[in-house]
Amino acid sequence: MKTLKTIVTLLAICISVQVNAFTKKVKGNGNVVTIERTTTDYQKIAVGGFFNVTLVAGNEGNLTIEIEENLKDYLITEVKDGKLKINWKKGINVQTRKGVKITVPFEDIEGVALAGSGEIKNTSTINTSNLELKIAGSGDLKLDVNTEQITSKIAGSGNMKIYGSTNDLECKIAGSGDFEGYDLIVNNAMAQIAGSGTIKATVNGTLSAKISGSGDFYYKGNPKTENIKVSGSGSVTKR
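Residues -21 to -1, 1 to 218 in mature numbering (1 follows the signal peptide of the UniProt record, and there is no 0) are what the sequence shown lists, from first letter to last.
The set of hints was computed from the structure by calculation and includes no laboratory data.
Computed from a prediction, not measured in an experiment: that's the story for all the values here.
Among the clues, some could well be false.
Simulated restraints on C-beta separations [as the list claims (entries may be wrong)]: (1) Lys80 x Lys6: 14 to 24 Å; (2) Thr2 x Asn106: 37 to 47 Å; (3) Lys203 x Gln74: 48 to 58 Å; (4) Asn166 x Glu48: 43 to 53 Å; (5) Lys203 x Pro84: 32 to 42 Å; (6) Lys203 x Glu86: 34 to 44 Å.
C-beta: ideal position from N, C-alpha, C; glycine also.
Start from the sequences, fold in the hints, and give me the full structure.
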């Protein structure tokens, strides 16, 4: 037994050494520069990490980035299968002193995803038929939209604040995240919460919800409620 414990300890030390050996740490030097990058067109945007991203109407592929000078070579901005990916290079542990601001122009966006603790917002309304929104982590998504359908998923403690209008809203939360949508006019809403998350929306057509845990769905408007299922201490409440 003692031999087994020794072997396990040695293996743990080896793994730790290997992980540290392949992780390069880079700290920002505080000297912020503005750079331009070009990509091909994209229909979706996926951001991973602590970035402040602003979506603006314009020609797709012309990105403007404010970043510390010694970090720019570690930033990835690439398009694969129609998706713009913004992230740090793998194996690099980046610590910024001034943060990173990225302006992303768009013409037609079908999906926005955020992984980590960053923020994505827009200054121009997103007009599209179907919009897919995702947060994994503790990030913030603040968007003004005009769509036929929104599918949103939050995993973790992230926050979505959505304005505008949509015909159909499907919102799922796993964890303690929040969907703030009182300023989003919805015709039909379907909500699903597993955990302690909160959904708020203004619904005028039909509303269905499935709550498991201590999650809450607060709604305004006068929808026809159907298929309301609550297991646990959660609730579906009219405001």
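Consistency of the hints with the structure:
| no. | hint | in the structure |
| --- | --- | --- |
| 1 | Lys80 x Lys6: 14 to 24 Å | 18 Å, holds |
| 2 | Thr2 x Asn106: 37 to 47 Å | 42 Å, holds |
| 3 | Lys203 x Gln74: 48 to 58 Å | 52 Å, holds |
| 4 | Asn166 x Glu48: 43 to 53 Å | 49 Å, holds |
| 5 | Lys203 x Pro84: 32 to 42 Å | 40 Å, holds |
| 6 | Lys203 x Glu86: 34 to 44 Å | 37 Å, holds |
The structure fails none of the hints (numbered hints given earlier).
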